[in-house]
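*Asks:* Let chain A serve as the given structure and place chains B, C and D on it in line with the hints.
Residue strings, one per chain:
Protein chains: 4
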Amino acid sequence: MEKIPVGILGATGMVGQQYITLLNDHPWFEVRYAAASPRSAGKKYEEAVAGRWHLAKTYAPHVGGLIVEDANDVNRAIAAFKKGDCSFVFSALEMGKDETRSLEEQYAAAGIPVISNASAHRWTPDVPVLIAEVNPDHADIIPVQKKARGWDRGFIAVKPNCSIQSYMAPIHALTKAGYAAQRIIVTTLQAVSGAGYPGVPSLDMIDNIVPYIGGEEEKSEEEPLKIFGSIENGVFKNSELPKISAHCNRVPVTDGHFACVSLEFGVKKPASMEEIIKIWAAYRGLPQEVDLPMAPKQPVIYREENNRPQPRKDRDTDKAMAVVIGRLRPCNVFDIRFAAFSHNTVRGAAGGGILNAELLKYKGYLG
Amino acid sequence: MEKIPVGILGATGMVGQQYITLLNDHPWFEVRYAAASPRSAGKKYEEAVAGRWHLAKTYAPHVGGLIVEDANDVNRAIAAFKKGDCSFVFSALEMGKDETRSLEEQYAAAGIPVISNASAHRWTPDVPVLIAEVNPDHADIIPVQKKARGWDRGFIAVKPNCSIQSYMAPIHALTKAGYAAQRIIVTTLQAVSGAGYPGVPSLDMIDNIVPYIGGEEEKSEEEPLKIFGSIENGVFKNSELPKISAHCNRVPVTDGHFACVSLEFGVKKPASMEEIIKIWAAYRGLPQEVDLPMAPKQPVIYREENNRPQPRKDRDTDKAMAVVIGRLRPCNVFDIRFAAFSHNTVRGAAGGGILNAELLKYKGYLG
Amino acid sequence: MEKIPVGILGATGMVGQQYITLLNDHPWFEVRYAAASPRSAGKKYEEAVAGRWHLAKTYAPHVGGLIVEDANDVNRAIAAFKKGDCSFVFSALEMGKDETRSLEEQYAAAGIPVISNASAHRWTPDVPVLIAEVNPDHADIIPVQKKARGWDRGFIAVKPNCSIQSYMAPIHALTKAGYAAQRIIVTTLQAVSGAGYPGVPSLDMIDNIVPYIGGEEEKSEEEPLKIFGSIENGVFKNSELPKISAHCNRVPVTDGHFACVSLEFGVKKPASMEEIIKIWAAYRGLPQEVDLPMAPKQPVIYREENNRPQPRKDRDTDKAMAVVIGRLRPCNVFDIRFAAFSHNTVRGAAGGGILNAELLKYKGYLG
Amino acid sequence: MEKIPVGILGATGMVGQQYITLLNDHPWFEVRYAAASPRSAGKKYEEAVAGRWHLAKTYAPHVGGLIVEDANDVNRAIAAFKKGDCSFVFSALEMGKDETRSLEEQYAAAGIPVISNASAHRWTPDVPVLIAEVNPDHADIIPVQKKARGWDRGFIAVKPNCSIQSYMAPIHALTKAGYAAQRIIVTTLQAVSGAGYPGVPSLDMIDNIVPYIGGEEEKSEEEPLKIFGSIENGVFKNSELPKISAHCNRVPVTDGHFACVSLEFGVKKPASMEEIIKIWAAYRGLPQEVDLPMAPKQPVIYREENNRPQPRKDRDTDKAMAVVIGRLRPCNVFDIRFAAFSHNTVRGAAGGGILNAELLKYKGYLG
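Residue numbers (the numbering used here), protein chains in the order written: chain A, 1 to 367; chain B, 1 to 367; chain C, 1 to 367; chain D, 1 to 367.
Check the hints yourself; a few may be wrong.
Unchecked claim - Sample of chain B residues with no beta-carbon within 10 Å of chain A, all distances over it, derived: (1) R39; (2) W53; (3) G199; (4) D204; (5) K219; (6) E221; (7) S245; (8) P252; (9) F265; (10) M273; (11) P309; (12) P311; (13) R327; (14) R337.
Stated by the list, open to error - Below, a list of computed lysine-lysine pairs in the DSS-like style, where the Cα atoms sit at most 30 Å apart: (15) C/K219 with B/K57; (16) C/K278 with D/K243; (17) D/K43 with A/K278; (18) A/K278 with D/K44; (19) B/K297 with C/K44; (20) D/K219 with C/K243; (21) D/K43 with D/K57; (22) C/K44 with C/K3; (23) A/K319 with D/K278; (24) B/K278 with B/K176; (25) B/K297 with A/K243; (26) B/K44 with C/K319; (27) C/K319 with B/K278; (28) C/K146 with C/K3; (29) D/K243 with C/K269; (30) D/K44 with C/K243; (31) B/K57 with C/K278; (32) A/K57 with D/K319; (33) A/K57 with D/K44; (34) B/K3 with C/K319; (35) D/K278 with A/K297; (36) A/K83 with A/K219; (37) D/K243 with C/K268; (38) A/K269 with B/K219; (39) C/K219 with D/K269; (40) B/K297 with C/K243.
For the record, the hints were derived by calculation from the structure and aren't laboratory data. Please read these numbers as outputs of a predicted model, since none were measured by experiment. No residue lacks a Cβ here, since even glycine has one placed at the ideal position from N, Cα and C.
Excised from the complex, chain A in its bound form (with noise of 0.2 Å):
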């Protein structure tokens, strides 16, 4: 099979720099475009990243050769697409929320599909917001979408905050096994790469903490609303419950969000922490039922130490993708507490995103 030619936008800031090298031997995907800021646009890529390149793990050679294209000019992508060179793109777009949604609504408009990492459009209300495992058939919003926008080929998809994902797929893991949440108090404790770089000052994080993340509490608090929703009659519905009180604050560590979950469910409650444990073990997704490359094998490992997840051990996991949980034990409040941990720049980024796209190749919507 050939692949499918793919192209980044905000290819070089931190979450770009994540896709680009996640798909370094990415089975279907190849990276042939990539785009950024006018201050990067011509310069070679390795040239455009030399001296700000954040990750142990380097690009592929040929990434390195790419010219950088301005992501404000579409028509540079369009062009790039009737060379065959972008069938459609990822956005790690790093600029202002309007901006960015009518940025990515042009790349639709002009037919190149767009799997988004922004929050611009999370609440745009035909606009999918994917955890693969969790709402995949919200994916069926997209013919809705495109009919609605007049739009033949492109689309927009995007995914939720990284702040939640390590807790989502526990949750609806229990949802699925008919034992809803219905209140949830989470305190989360944020690594650094989700600020982006230069990001969080250094003199805040040594020997501190701070307890404070711009927007974080209320995307935590409503985004899982939007993806624990469904769609009637073409328009997404939100779902009621659970309703969730974030606390948010950023630590010293470099990649993985790790969260203190306290959970109350509604009538219906497990009988005990180790049918919550086998739910979680025997939890699987789409993702994992039609092998899609980037899907952990097990979407929710449960560690039995007394002392993890940790984020140095854990984060990488199953290529970083997996969400690791520990410390189940009843909750002297509510029903249970546990808690949670995912990486944040893979699974609750690029890693992602990949899925995500995936999951939509998978569905037929990146023909």
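*Replies:* Okay, now just chains B, C and D, sitting in the frame of chain A:
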């Protein structure tokens, strides 16, 4: 006024060092007796701590010259008491629970009051667990304790676990104002100094967090019930509320325990966030009213900035004895949520112990 | 004695904040004028630093109420001078080199002496680079400078780079005792506060070191030659020795620059390590002799423990103004080696600037 | 080819775990014997390391099921040898020097070759200290050793201290090209994993550095002389040069030792920095020539960026076996200076040990 001579049990350990340093210039107390494990016994204090002094501040010169005694040998303390060198002791013993319990009783039986940091006696029915601003009246169990035990001069008073110190005072302020907490879900981010020295290995704390501290969650949930309880007929009666559920984590911070608190009031609820902030600003306890030397001027300080409290910036507020809080906002699930912080080895250990001793002196229990 | 009113240029930045804090209770100087970038101009100081105050200590209440002026507008300072609010200024400007050079000259030309932290004028031939203990006599260039420039009251005096402060005093002590250094190889481990705020990204400092600080090695090698030089016929003549080779690294430490020094003496060498330690212990400079307020009692403190100095334990020694050294031992290649340490934003920046001002006041240059 | 069965002594410790993990998929060797302290003996390996596994990667399933033997009981190894489960052992023993020396000799005497990580035998006159690229010919002492000791099959070969691994290969490359180093002053910034587990307390590593590692400077200065020495008449003759002076520091980094090197050549000096970089780029050793499985393709990698090497970005280069260097520039005092880096528990410990075993297998000593 001549200073009262005091002894430190466990004088060479982390908390012992903190006691020694905080008492360098104390207006009421003077360290004249230092006891530790047999390994240190017989050495000068300055020799015993050479190469394992962990604080930035140092000890007073006269303490450096003290000969360290064996803390297991109560007779040494009795001799010091008779010489006028040890009117009471601060216990920062780091031995097993049973040994500590028994040894502290031996000192008390020998006529030497014990103001303890150790957890051994926290659930002993006739021993008060004191936070000087919160339950100073619990000291009134001391005559009952002495009588029941047949002790004439000695007694035991302890302080609670360091993990709860950052939120007990704010919650007490609200309770006093008529707004008792009914349910609390709290996640703590605790400093490594709480584990003593050598304590937490650096391999566990660089680029990492550890979501488990043995026994800490139980203490965080249960000790407040004794502290908020009352003395009825010479016996402590625990409070039934608030129900607390705690998630305790170790984070790469040297000093200062941080907590994210979600709180549900009972039937009576404050009218607004502003009312709560006013209650906190106005909150004072007996230590403030009678101006005890170690008491912070304002026990609870609310910071308006949206990114405070922070360990590195707030830990030393008012002799490291003030609780610093911030980020009060409505909770999506309970009534309110906020972030709370206090210095774990000062307010939460040695400083809190000294304040308790000042309180007991004021109340006449230290002769 | 009435306090001398002083101004701070760059008052809202990292070093400016440090100046303000260190002058909170200064016996001679009082901050009555604060200037910064146009962005801050017109705001109250407390508003200008809200949310970007980086220190644990805070500013004096009267400073909080000062209206911040535009540092580029020298007329504002002239007006303040006339009102008796700004007798001289501390410059902590963070603009480009040429701009800083020109602006500092404008203040001096306007009759306002400038005690500067900036590097702009370090190589100006008639500007002294002062370490108060090491080359206080270099202040004697000031009359020459004033005459040549036609300035009546104003002048410029600067301090050297923070990276060399930890080893200049120990080396000077040896030089003074007759043991001049001939060759030095030094590796520095420098704190992130040296890069200002936001400064070094936390992604570069968690579990990492960065072996490069722009311009730092050159400054570390060249500035000592001016400081160890002499004034001949009203002109500075640089010293030819010691030859210095510097490796400068950024490490995950908040405050305090550390240096590993290997040193070769000239023909005359100390008899023993003991002799050197005695020289350091006895070392005093003019600031100590005339008891300047900001001067540490002992400028160089040698610690006998084999694992000191350490940033967290030694940075605050004697108002953070003492240089703390340790590990003196023979060098396998040169004569001796040792570890040296000093606080970079206090001794190496604002504290050193204040000490310089005290020296200049003592010498009669500040009216 | 059937895999050679190997044993690990000290299999549960930090370096032992690293050995086990690196051998998970080794083409030549397979772990079939694991020995540790009596405390672990008798347990399954997976039980023995439960809760104290320090690595992100895990062990192969078949190793988890091995019954851990008592490393002190050589008879157990002999039995395993007879059963075909232990052809030779990797020693990662963490006991005292004398005990280790004696125990390793017992294994060798029993016919079981010992490839050791321990320092005990580094100065034993007939034991080679091998860096596979640098002195592979030192293995030729083994027949002498066996004969002198009367051992038929067993022998002992060791590797040097981890602190010198980052600069030995670059220096050897220059020596091989005709430019021998005469004098070296080096400052190391060493990772905490070098101290094992629990190792360095986090209170010493958060916002701090420790300028002392017991015995490390002596090893760094002396071991290179044996490695650069020659075998003359069946006896090692140490090299006299280079003279090395080392400053060894512990810094808050998990893995990877970093070194700042100033180097003086003898009479013959390279013409330029470019020539040196070419020498490093072209440098290959026997492991590369015969393509040993654990050998990095290029043992010394020079990075052109001015801020590399960096621990977090460079530690895993080429199976964590490559030495990564940068910042080559003239030294103001000696001839050149540069920054060097290698992974201390892989290249500097278990990976280096495995590479040594591969070399010895290639040379026929593990027949």
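*Asks:* It remains to establish, for every hint, whether it holds in the given structure.
*Replies:* Status of the hints after comparison with the structure:
The Cβ of B/R39 sits about 30 Å from the closest Cβ of chain A, beyond the 10 Å cut-off, so the non-interface label holds. Every CB of chain A is more than 10 Å from the CB of B/W53 (nearest about 19 Å), matching its label as outside the interface. For B/G199, the non-interface assignment is confirmed: its Cβ lies about 15 Å from the closest Cβ of chain A, beyond the 10 Å cut-off. Consistency note on B/D204: stated as away from chain A, yet its beta-carbon is not over 10 Å from all of that chain's, at 8 Å minimum.
Under the 10 Å C-beta cut-off, the non-interface status given to B/K219 relative to chain A holds; the minimum distance is some 13 Å. Distance to chain A contradicts B/E221 as a non-interface residue, since its nearest Cβ pair spans about 6 Å, not more than 10 Å. Once the 10 Å rule is applied to beta carbons, B/S245 is inconsistent with being away from chain A; the minimum gap is 4 Å. Against the 10 Å criterion, B/P252 falls within the reach of chain A, whose nearest CB is about 5 Å from its own CB.
For B/F265, the shortest C-beta to C-beta distance to chain A comes to about 14 Å, beyond the 10 Å cut-off, and the non-interface label holds. With a least beta-carbon separation of about 15 Å from chain A, B/M273 lies farther than 10 Å from that chain, consistent with its non-interface assignment. With a cut of 10 Å on Cβ distances, B/P309 falls inside the contact zone with chain A, its closest approach being about 7 Å. Once the 10 Å rule is applied to beta carbons, B/P311 is inconsistent with being away from chain A; the minimum gap is 5 Å.
For B/R327, the non-interface assignment is contradicted: its Cβ lies about 6 Å from the closest Cβ of chain A, within the 10 Å cut-off. Residue placement check: B/R337 does not keep its beta carbon more than 10 Å from all beta carbons of chain A (closest about 6 Å). For the hint linking C/K219 to B/K57, the alpha-carbon distance of about 33 Å lies beyond 30 Å, and the restraint is violated. About 29 Å separates the Cα atoms of C/K278 and D/K243, which keeps this hinted pair within 30 Å; it holds.
Using a Cα cut-off of 30 Å, the hinted pair D/K43 and A/K278 holds, with the two alpha carbons roughly 27 Å apart. Between the alpha carbons of A/K278 and D/K44 the distance comes to roughly 25 Å, so the proposed pair stays at or under 30 Å and holds. Our distance criterion of 30 Å between C-alpha atoms is met by B/K297 and C/K44, whose separation comes to about 27 Å. Proposed proximity of D/K219 and C/K243 is supported: the alpha carbons are some 29 Å apart, at most 30 Å.
Restraint check for D/K43 and D/K57: the C-alpha separation of about 21 Å stays at or below 30 Å, so the hint holds. Among the hinted pairs, C/K44 with C/K3 is consistent with the structure: their alpha-carbon atoms are about 22 Å apart, no more than 30 Å. Taking the CA atoms of A/K319 and D/K278, the gap is near 36 Å; set against the 30 Å cutoff, the hint is violated. For the hint pairing B/K278 with B/K176, the CA-to-CA distance comes to about 13 Å; that is within 30 Å, so the pair holds.
At most 30 Å may separate the alpha-carbon atoms for a hinted pair to count; B/K297 and A/K243 exceed this at roughly 39 Å. A distance of roughly 28 Å separates the Cα atoms of B/K44 and C/K319; the hinted pair therefore holds under the 30 Å criterion. The hinted pair formed by C/K319 and B/K278 fails the criterion: a straight-line CA distance of about 36 Å is larger than 30 Å. Our distance criterion of 30 Å between C-alpha atoms is met by C/K146 and C/K3, whose separation comes to about 25 Å.
As the CA atoms of D/K243 and C/K269 are separated by approximately 20 Å, the hinted pair is consistent with the 30 Å bound. A hinted pair counts as satisfied when its Cα atoms are at most 30 Å apart, and D/K44 with C/K243 does not qualify at roughly 60 Å. Restraint check for B/K57 and C/K278: the C-alpha separation of about 24 Å stays at or below 30 Å, so the hint holds. Restraint check for A/K57 and D/K319: satisfied, since their Cα atoms lie roughly 12 Å apart, inside the 30 Å limit.
Of the pairs offered as hints, the one joining A/K57 and D/K44 is violated, with about 35 Å between alpha carbons and a cut-off of 30 Å exceeded. For the given pair, B/K3 sits about 28 Å from C/K319 by alpha-carbon distance, which is consistent with the 30 Å threshold. With a C-alpha separation of about 45 Å, the suggested pairing of D/K278 with A/K297 is violated against the 30 Å cut-off. Between A/K83 and A/K219, the direct Cα distance comes to roughly 39 Å. Violation of the 30 Å bound is thereby established for this hinted pair.
For the hint linking D/K243 to C/K268, the alpha-carbon distance of about 22 Å falls within 30 Å, and the restraint holds. For the hint linking A/K269 to B/K219, the alpha-carbon distance of about 27 Å falls within 30 Å, and the restraint holds. Under the criterion of a C-alpha separation no larger than 30 Å, the hint pairing C/K219 with D/K269 is consistent with the structure, at around 27 Å. Distance hint between B/K297 and C/K243 is unfulfilled; the C-alpha atoms sit about 55 Å from each other, more than 30 Å.
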